[in-house]
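Novice: Listed here are the chains, written in short residue letters.
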Amino acid sequence: MPTVFEAPEINWAAIAPMLVVMAGGLIGIVVEAFVPRRRRHSVQVALSVVALVLAFVALVTLTVDNRVKTLGGSVVMDGMSVFLQGSLIVFGLLGVLTMAEKFGGDRPDAFTPMGAAIPGSAYEAAADRAGLATSEVFPLALFSLSGMMMFVAAGDLITMFVALEVLSLPLYVLVGLARRRRLLSQEASLKYFLLGAFASAFFLFGSALLYGYAATTDLDGIAAAITETRPGLEPLLVPAILLVLVGLLFKVGAVPFHSWTPDAYQGAPTPVTGFMAAATKLAAFGAILRFVYVGVEGTRWSWEVGLAVIAALTMVVGAVLSVTQTDIKRLLAYSSIAHAGFILVGVLAFSTLGLRGVMFYLLAYGLMTIAAFAIVSMVRQGGTEATQLSQWAGLGQRHPILAATFGFLLLAFAGIPLTSGFTAKFAAFAPAIESGTLGVVLVVIGVLASAVTAFVYVRIIVLMYFSDATSEDVVAAEASPLTTAAVAVGAVATVVLGIVPGPVLELAAQASELIR
Amino acid sequence: MSLVNYIYLSAILFSIGGAVVLLRRNAIIVFMGVELMLNAANLAFITFARMHGQLDGQVIALFVMVVASAEVVVGLAIIMAIFRSRRSASIDNANLLKA
Chain X
1 MPTVFEAPEI NWAAIAPMLV VMAGGLIGIV VEAFVPRRRR HSVQVALSVV ALVLAFVALV
61 TLTVDNRVKT LGGSVVMDGM SVFLQGSLIV FGLLGVLTMA EKFGGDRPDA FTPMGAAIPG
121 SAYEAAADRA GLATSEVFPL ALFSLSGMMM FVAAGDLITM FVALEVLSLP LYVLVGLARR
181 RRLLSQEASL KYFLLGAFAS AFFLFGSALL YGYAATTDLD GIAAAITETR PGLEPLLVPA
241 ILLVLVGLLF KVGAVPFHSW TPDAYQGAPT PVTGFMAAAT KLAAFGAILR FVYVGVEGTR
301 WSWEVGLAVI AALTMVVGAV LSVTQTDIKR LLAYSSIAHA GFILVGVLAF STLGLRGVMF
361 YLLAYGLMTI AAFAIVSMVR QGGTEATQLS QWAGLGQRHP ILAATFGFLL LAFAGIPLTS
421 GFTAKFAAFA PAIESGTLGV VLVVIGVLAS AVTAFVYVRI IVLMYFSDAT SEDVVAAEAS
481 PLTTAAVAVG AVATVVLGIV PGPVLELAAQ ASELIR
Chain F
1 MSLVNYIYLS AILFSIGGAV VLLRRNAIIV FMGVELMLNA ANLAFITFAR MHGQLDGQVI
61 ALFVMVVASA EVVVGLAIIM AIFRSRRSAS IDNANLLKA
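As you go down the protein sequences, you meet chains X and F in turn.
Note that the working numbering gives residue 389 to position 389 of the first sequence, counting from 1, and the numbers run on in steps of one.
Note that the working numbering gives residue 4 to position 4 of the second sequence, counting from 1, and the numbers run on in steps of one.
Derived from the structure by calculation, the hints contain no laboratory data.
Small disclaimer: the values here were computed from a predicted structure and weren't measured.
Glycine is no exception: its CB is placed at the ideal position from the N, C-alpha and C atoms.
Worth double-checking, as some hints may not be accurate.
Derived list of chain X stretches under chain F, where covered just means 3 residues or more per stretch with a C-beta under 8 Å from a C-beta of chain F [to be verified]:
(1) 123–134
(2) 157–167
(3) 257–271
Over the 10 Å line for every Cβ pair with chain F, so calculated as not near, a few chain X residues [as the list claims (entries may be wrong)]:
(4) G115
(5) I118
(6) L184
(7) L190
(8) V294
(9) Q397
(10) A454
(11) T470
Pulled a few chain F residues facing chain X out of the computed Cβ check, cut under 7 Å [said to hold, decoys possible]:
(12) I29
(13) V30
(14) M37
(15) F63
(16) M65
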């Protein structure tokens, strides 16, 4: 029986960034209740930005010097947590900027005036006339972000599960709040929710079996248990690890757990898609890294091949299916699936260099993704987003800067040299080659898959520049400084990380330590 | 009765829940399948806690119950929104998004 309860020690400096983001979300709820409607939007945006900036400041001033395991081992603030949380805050900031975009209207352009109203009903029209706006998206995004920050720092499986739900539940709601094509948006929300809940049940049952095996849910406790013999419990171990991995791989959208990705990405409001694509992927890979590197590396031989097969399938299926897409958002979704495969190759290197490569890849990919989706949200026909590829024909002639930026981001997705995509792929693939035959095979598949995706991206560039417009009324909406800033940051970061990746790679190298 | 039987029971419940999710077409029933899977995990947690002579597993079960109820709130809200706009909670009717 346990002895007297002892309160765990809490290192407040280490967890300050998470607390600030969470507090921002909570204050946002209060703002939602008390601030008059017409000022709510600007207050919420300002509050979110302030909270995120404060969290970043707390991270670089307090947390970096307090790399500890705290809260009784359930939160581990090591180099990886700090780097990934910093990236998450940046993604959150860019995401909030794109979500706040009004495109000259009187309210956020991407979100429905009233999420609860039936699409096309009189109630919705009345809400629209009354000037309602769903400014609660900002607290929701902050809550989701705080869950992600907890997810990458979770030191035991239950914290990880709670963080998984904290990050997912607000996202399910955000996905369903699109202003136009609301039926699609609601459907995307339903699919994302049902499959997400299904996957988290797998994660939880896997955790239960691991708890049965190791008598603890601490990742380092599990690692210690794996090195001992545990009579009668051995059969639990591999199924448990596989079930947990299923839950985590679902979140990154790895094949065969990817079926939600294109639907959720297409149906969600485009700024949410960008935020989700960048931040969820990073958070889920952070959790995979910690689970795999800290928790269960001791029994790697028994599941490594399975993970390698999933990585290969993810790259191939993502690349091949992106060829057949006609919708730009679905295309980027399949591209994100392929990227999940590339990142998995880096994870499978099982080395400090691999960790560095994966972290760099996640940062670079997230920045270009948010910028790319921000551009997608700008291209309009008749007031709605022109997501059909055919509508993008000839865009380069009318909007040369926009098309050039998008083309550049596509080249970065493809991994062309002098873009961050190339550096990232190199940083993730090089350690995999050194890790052995399996790594070499995966890298070969990865390079071939990259070639296929490069074809897709180049086809879009050709479409934008060398074909005639099908209709004249496809235009890029006049973006406010908010979206422009998000796109600029993403594009500039893609250039800088491509040409002088040294400092950030160095930062990632310093951060690639895991406290066990 | 041996404690292992509870583990078998939880595995069976988990499988039934999984089958419900994959086979049934009504979103509410699918969601009930997910809840069954979560509760199967809870049963496993509690049984293992008993086996190891610890309280941890029981505490975890409480956490899971809280998270599951939060999930119910969000899930039912989404299903309600879909039902009101389509007059149907069938997930086969939700087929606008296609490759």
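Novice: Hint by hint, say whether it matches the structure.
Specialist: Structure-based check of all given hints:
no., hint, in the structure
1, 123–134, "violated (count 0)"
2, 157–167, "holds (count 4)"
3, 257–271, "holds (count 4)"
4, G115, "violated (7 Å)"
5, I118, "violated (5 Å)"
6, L184, "violated (5 Å)"
7, L190, "violated (5 Å)"
8, V294, "holds (19 Å)"
9, Q397, "holds (30 Å)"
10, A454, "holds (21 Å)"
11, T470, "holds (22 Å)"
12, I29, "violated (11 Å)"
13, V30, "holds (6 Å)"
14, M37, "holds (4 Å)"
15, F63, "holds (6 Å)"
16, M65, "violated (12 Å)"
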